[in-house]
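Fit chain P to the given chain U structure using the hints.
For the record, the sequence lines run as chains U and P.
Heads up: the first sequence runs through residues 462 to 965, numbered per this note's numbering.
Heads up: the second sequence runs through residues 462 to 965, numbered per this note's numbering.
Calculated directly from the structure, the hints in this document are not laboratory data.
It is possible that part of the hints are untrue.
When chains are identical, the list treats them as one kind, so a pair holds in a single copy or across two.
What the hints assert, rightly or not - Straight line, CA to CA, 35 Å or less: simulated DSBU-like cross-link-like pairs of lysine-lysine:
1. Lys475 <-> Lys551
2. Lys481 <-> Lys551
3. Lys689 <-> Lys898
4. Lys612 <-> Lys551
What follows is the residue order along each chain.
There are 2 protein chains.
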Amino acid sequence: MKYTIFSEKAKAHKKPLHHKTVVPVSYVHFEEDKLAFQKVRAVKDAKCNLPILLNAGDSVTLDFGEHCVGYLHYTVNHTYTITDSPPRLKFTFGEMPLELTVPSDEYHGTLGDGWLQNEVKTSVFLPCAVQLERRYAFRYVRIERIDNATKFPVEIQQLYCDCVSSVSRESAAEFAISDPFLKRIYDISLDTLCSCEQDVFEDGPKRDRRLWIGDLRLQALTDYVSFKNIDLIKRCIYLFAGYRIDGAVAPYVFPDSPPYVDGWVFDDYSLFFISCIYDYMENCGDLELPVELYDIALQQAQIVGAKIETMKVTPFIDWCDGLDKSVAIIGVYIYTLRQLYAIAKKLQKDATWIKAEIDKAEMALRGFYSEKEGLFVTESNQISWHSQVWAVLSGVLTKDENVKVLKNIETSKTAFTMRTPYMMHYYLEALYSCNLKKKALDFLKGYWGKIVACGFDRCPEIFNPDNQFESPYNAPEINSACHAWSCTPVYWLHMLDAENTDKE
Amino acid sequence: MKYTIFSEKAKAHKKPLHHKTVVPVSYVHFEEDKLAFQKVRAVKDAKCNLPILLNAGDSVTLDFGEHCVGYLHYTVNHTYTITDSPPRLKFTFGEMPLELTVPSDEYHGTLGDGWLQNEVKTSVFLPCAVQLERRYAFRYVRIERIDNATKFPVEIQQLYCDCVSSVSRESAAEFAISDPFLKRIYDISLDTLCSCEQDVFEDGPKRDRRLWIGDLRLQALTDYVSFKNIDLIKRCIYLFAGYRIDGAVAPYVFPDSPPYVDGWVFDDYSLFFISCIYDYMENCGDLELPVELYDIALQQAQIVGAKIETMKVTPFIDWCDGLDKSVAIIGVYIYTLRQLYAIAKKLQKDATWIKAEIDKAEMALRGFYSEKEGLFVTESNQISWHSQVWAVLSGVLTKDENVKVLKNIETSKTAFTMRTPYMMHYYLEALYSCNLKKKALDFLKGYWGKIVACGFDRCPEIFNPDNQFESPYNAPEINSACHAWSCTPVYWLHMLDAENTDKE
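Excised from the complex, chain U in its bound form (with noise of 0.2 Å):
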């Protein structure tokens, strides 16, 4: 359901994007090597200098030194002789070599091939002008010239990338790590972050595309110390406000024009309005929104408040297949209440049923602890890291029980481990809340200096060292290797005080 006043401003805040060109930098070929990264690694073979000659059946691999979120463009030419017929080149592009070393008719995976990133264009006059229609995100990019008329060669006589953000990357807060391997895991952080930055916070600018709450509060947080692209923040708390499902907020918004929202709820997404404004409020301090806004903040309460007394919730929380999920939505219902219950007392708003709904969610999540084991445990007799997560955030215990937790589910041996990024985010800030900062600093390095290691070059939607292959899609090659929600340490370095926590 459309909430025009909100939708209306949701437009109001959009604003053009930032440009900027990037040529290829050097032809690359890639090779077996069962030390790389997924098993693929892109050498270098050339400097890569206009024109490039292409006769029919060429095919040449380019790499542009950097992850590009843009729109390809380029020009044909004939070259000594008048070409006859038009010349068809077909374009893959891949933000990490995998893409283009597994052939898209090999692909398997569970979401639909149309993500693939692959596109054939037929000129059938040269000399021409070309930009490709479709926005793509890659480094590198493989052109084929695909018809069949040899005699007559062709050249590429411009090539670049025409990148686009909402934000221009050198508009960052300046913040200084002496560190250079911390530097690096900050800047792919940030860089994860600009490419993401569109006309909304996208989750990943290769696939999808689209405003998930659950990424856009990451995104936030992320934003208010570095881009503080307020605006774009405000545009997309309007379209989820202005974009509802029976009052529920969606858990994303396509962000086309006309915007629209599928049919389902996730119900920590939903909750995550409320963590939307209280960030807001806490980093801008302006009041105006969260007033414009608070009902709708309340109102995801009440309607997650009233599945969970029937149990009827549908969460993400996290990738994890079997997990039980009853535990964590309670962690997540009192984290996001406790925020609520801070605007509401801000915006001097009656706060009793938040209250009550406090208590009555704490009593509940208490009856899941254990206390042999100092750790809390499913009515289906399922320990999890993510249970531990939300609990501790939740605040239901002391500091010192919240500090044990988060040790016994170290030593445990559960299966039900943390998957993505972003719930790595939410464990980081368990850390952060027990001020187990150096662990935290720690678990960051650890987890996203592999991933620098592995040769990437943004923030990847998922990434498990001990299997290089993991995909939620069951097609490695279809995963994003720029995604929103891994952008936080970003965060977590202005957070941790990284510099003096290292230290400790």
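Just chain P now, kept in the frame of chain U:
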């Protein structure tokens, strides 16, 4: 080489195109049918009502009811569920069924396969409105959904061709023909001309899409009695004047912006520049353009004259393997010299050289005339229709001799017969010049009548009633089914006074 004064004039005569919206009429499928043209028949399945539901793997073939030249527009939307990944649609266009029944990977023609009319379009977000950038010439289009997201059916809600032409079909001068059979020939010829009138007089809107002077001359002749699109005729004449090769008029100009020519010539085609000026003068009465371009016209005669002297000519004449063109080119030379002479006289230029060239060339041509056979025979002892037609048109013999030549060639057993509707135009002119109007009309009815009977709704590039799969490119599916040089029945039905001639 570019001659700016003329290329600028060509540009100044460029005008906006007319637009007409054509929607698909019915769903069809193709059936093998020994009696159908090229053994394949389009069978109507149902009326085409929008929307068209397309699930992954689905394919529909649509008949637009008439030949279209233009840009396909469509909108795609979700159905009952929001599509999770981009649908990919493959479009395959065909003027004739064969283009849709021969798989593109089985193409083995001598022209580049970039001319095959197909394209894949991926739509990242729905709903979306798409215009295919490439202009297509087609009556049938197959739409296949080639992505694999079977859970998400989509529908095409709008679909139409924005047809373009430099003229509105309705603007043609009225011409009454009571015989429905002749009327059909007249109509498809006029439609052909209309489809080929674009930013220039194109040879064919499906393929090549160039301004060929051999075609232009016939198109202009036809246009003078129908659309009277004099601006476009002037534009095209100026283009040939504006882009020449060491002074010689090129066989074709690429109409793209900026226009350009290839580096080789057809001598007969260079000479037809004279015919274009002559026809213009005769039809428009205007002398300004002939005055302006007289020197270039004269130059063509001088260039080709010098080459004939040394027999280093490379004319087109017709597609006919092994054809000895030495006699025909002298015929063309004299034919155009006479036109040049008429222009010179009208412009009060010194025509001494022209007169002397005519005499010299006539003597040379007469040398090939065999009194015994009543036919022209080349030095290589070859008798061809082409030699006779052009010798007749040169006017080197008496009218009675010409009549005999045209009669004798009919009974000769030569394999060197006319292959293209283009060449047949000159045969009709030869008959007409001998006042054999009834014979001309019968020939026209016979040949173009068979084109009609085979189901063409435009006049094709090549048509051999005895070999429906004949192709100058070794692949009949790449033949153009709408080709300018076969549109002259409109001209001839005016010239031949069809209604009365038929009763002779």
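Tested hints:
1. Lys475 <-> Lys551: Intra 33 Å, inter 33 Å, cutoff 35 Å: intra and inter.
2. Lys481 <-> Lys551: Answer is both: 24 Å inside a copy and 32 Å across each meet the 35 Å cutoff.
3. Lys689 <-> Lys898: Within one copy, since 25 Å is at most 35 Å while 85 Å is not.
4. Lys612 <-> Lys551: both (19 Å within a copy, 28 Å between copies)
When the structure is compared with the earlier hints, no violation turns up for any of them.
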